[in-house]
Amino acid sequence: MEPVLLRARGVPDSRSIATYLAAGGYEGWKKALGMGPDAVTKEVLDSELRGRGGAGFPTGRKWSFVPKDHPGPRYLVCNADESEPGTFKDREIIEYDPHQVVEGVAIASFAIKANTAYIYIRGEFVRWARILEDAIAEARQRGFLGKNVMGSGFDLDVWVHRGAGAYICGEETALLESIEGKRGFPRLKPPFPAVVGVFGQPTVINNVETLACVPHIIVRGAAWFASIGRPKNTGPKLFCVSGHVNRPGVFELPLGVTFREIIEEHAGGVRGGRQLKAFFPGGSSAPILTAAEVDTMADFDACAAAGTMLGSGGIIVFDDTVDMVDVADNVAHFYAHESCGQCTPCREGSDWCMDILDRIVAGHGRPADPDTLLRICRFSSAGMTICPLGDAFALPISSIVNKYRSEFERRIASATPLPQKKQPVLPWAGPCPGFGI
Amino acid sequence: MSTRPIVAASPEALQIVTFDATMEARIAELLPRYPTRRAAILPLLWLCQERFGWISPGVVRAVAARLGESPAFVEGVVSFYTMYQTAPPARYVLQVCTTISCAWCGGRELVAHLKERLGISFGEKTPDGVFQLVGVQCLGACGQAPVIQINDDYYENLDIAKLDAILDELAGRS
Ligand SMILES: Cc1cc2nc3c(=O)[nH]c(=O)nc-3n(C[C@H](O)[C@H](O)[C@H](O)COP(=O)(O)O)c2cc1C
Ligand code: FES
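Note that the protein sequences, when read in sequence, are chains A and B. The first sequence runs contiguously to residue 570 in my numbering. The second sequence runs contiguously to residue 259 in my numbering.
Honestly, the hints are just simulated from the structure, not real lab data. Be aware that a few hints might be false.
Claimed, not checked - As a list, the in silico EDC-like pairs of lysine to aspartate or glutamate whose alpha-carbon atoms are at most 20 Å apart:
#: 1; chain 1: A; residue 1: K410; chain 2: A; residue 2: D456
#: 2; chain 1: A; residue 1: K315; chain 2: B; residue 2: E154
#: 3; chain 1: A; residue 1: K536; chain 2: A; residue 2: D453
#: 4; chain 1: A; residue 1: K280; chain 2: B; residue 2: E114
#: 5; chain 1: A; residue 1: K410; chain 2: A; residue 2: E542
#: 6; chain 1: A; residue 1: K315; chain 2: B; residue 2: E160
#: 7; chain 1: A; residue 1: K365; chain 2: A; residue 2: E181
#: 8; chain 1: A; residue 1: K163; chain 2: A; residue 2: D146
#: 9; chain 1: A; residue 1: K536; chain 2: A; residue 2: E385
Stated by the list, open to error - The following residues of chain A were derived to be distant from chain B, with all beta-carbon distances above 12 Å:
#: 10; residue: D146
#: 11; residue: A155
#: 12; residue: L178
#: 13; residue: P200
#: 14; residue: F287
#: 15; residue: R393
#: 16; residue: A435
#: 17; residue: M442
#: 18; residue: G516
#: 19; residue: M517
#: 20; residue: R543
#: 21; residue: S547
#: 22; residue: T549
#: 23; residue: L551
All values reported here derive from a predicted model rather than from experimental measurement. The beta-carbon is built from N, C-alpha and C at its ideal position, and this holds for glycine as well.
The shape of chain A in the complex, shown without the other chains (with noise of 0.2 Å):
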């Protein structure tokens, strides 16, 4: 398909303000503030355009939640926290075409009525969180942002909020607190944040790809963007492949291609000649699945019903000569790492895991520890959390548990006792095992 978000990579300084001007730049923004809020939350309404960051609830309604008669100021927050593992398609957009990005916070702050917007982004993106603030001082300077902007009466300022490292603050909620200065603890739900968000004001907050749909919507219409991708699940999406792949890398495609296209076409096909064992779909806390269902159409709905998640759009691939029980270690040493530690069955079970995973890694399994695994996940799921980090550990190990668990069975017919001394309990989540701790 003819790129849309990633139409700027490979252009010759396309980061600059005057390169974006000229690809038709800031004419979204332009149409917007002609048409008024109501009219841009419709047109987005009307394209079915669904959050980029995870979840992918419908953008236009989560913007209509925001109260119409809501007295004080309310807040756009753009999510860059890119967490997820797997995930490396926001820092693709800031890095070619950071423009994009400032116009689509810039429409969706004018559709909320907000005049204060802030982007989120990881501690770690020093670069990209540059690129961003080089973006705004442009735009401020050629009247795009600021008091009165283009003469509208609309006044707006955009500031960049640089993380300090902690996965859960790419939760919405988590994000709020750490703007406001706090642990990132994500807060109970209800209020929703449309309602009491950042500073207790109504916030919208949206993924950076999902804003940098925004302005084309506006400028091509709705009818254009919902003819892209299937019914309920339109438009670009940007796919990210990582793993045992010829051609890893982010790619454009409409919602609704095949995993097998993205896998075998687009990222040139397992490496090595080997064949495909398995792949997360949408970063590491969506379940996974087997190369027999590599058909699945990779959208929000085809994933859903296939049992998991089309999440962030992080595809990790992995080849037949990887043992699924250390894929099941690993992400349990990250969820573990990461685990705000608010909530006992998500601070306890990811940990729990972990040691269990640990254990059989070191040649130590037991026969009950599959089921364990289960019992554990369950546990810690589907609201017993204060939020999903808990179901984001518990979905993926169970999955490989479920699906590959003659791997687990095999290691632990053949493993020994746990020597009498009990082994040393590591007193952090630190990497695993086979990074030689």
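Got chain A sorted already, so can you dock chain B with the ligands onto it with the hints?
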């Protein structure tokens, strides 16, 4: 949740730091961005880390005093995030990604090589204070695995030869 070792602070590290005019000018730019002073904690800590090299107890006290918070509150924030250095770091902090895509595309081999070449483990510094090895979680660059972040910069698509060349250059600069 960051779970870092507790390091006994030296008497100098406990001394409250002072912000000079340049620093105050940057703080003055930060504060109007937010409706509360508390919201400036993360950006001010970043400024301090840039300026003082690490977040000493004295920095925590200064940030707290400047923003009208208790040192305990600021310390709570600092200890939650992994990127604030709570002990003086080495000159080059090698943050190696240990998450899935990197782990299965050469990251383990890089770590084994780094441990051998530098003679240190995760969390340790070389005796000359030039390198420090840290295992980190997904850096959001999985398509370019394996990835190492050295201080602020990403180094991608690494192999042992490329890594050695980078380390040689950095060691030469010190
Ligand atoms: C544990 C966890 C981590 C998340 N990390 C991110 C992230 O890194 N980036 C992101 O955009 N959304 C992330 N999300 C989703 C956000 O909570 C939120 O749904 C999203 O930013 C909304 O934007 P959208 O409607 O445009 O998708 C995460 C959610 C959870 C539960
Ligand atoms: S897995 Fe290493 S950068 Fe994502």
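Here is what the structure says about each hint:
1. A:K410 - A:D456: Given that 20 Å is the threshold and the Cα spacing comes to 10 Å, the pair holds.
2. A:K315 - B:E154: 11 Å, holds
3. A:K536 - A:D453: 15 Å, holds
4. A:K280 - B:E114: 17 Å, holds
5. A:K410 - A:E542: The given pair, whose Cα atoms are some 18 Å apart, holds under the 20 Å limit.
6. A:K315 - B:E160: 10 Å, holds
7. A:K365 - A:E181: 6 Å, holds
8. A:K163 - A:D146: 23 Å, violated
9. A:K536 - A:E385: 30 Å, violated
10. D146: 21 Å, holds
11. A155: 29 Å, holds
12. L178: Holds, because the least Cβ-Cβ distance between A:L178 and chain B comes to about 30 Å, which exceeds 12 Å.
13. P200: 18 Å, holds
14. F287: 19 Å, holds
15. R393: At roughly 19 Å from the nearest Cβ of chain B, A:R393 sits farther out than 12 Å, so the non-interface label holds.
16. A435: 23 Å, holds
17. M442: 17 Å, holds
18. G516: 21 Å, holds
19. M517: Its Cβ never comes within 12 Å of chain B, the nearest being 18 Å, so this holds.
20. R543: For A:R543, whose nearest Cβ neighbour in chain B is about 20 Å away, the distance exceeds 12 Å, so it holds.
21. S547: 23 Å, holds
22. T549: 24 Å, holds
23. L551: Non-interface label stands for A:L551: nearest chain B Cβ at 24 Å, farther than 12 Å.
Going through the hint list in order, the structure does not satisfy hints 8, 9.
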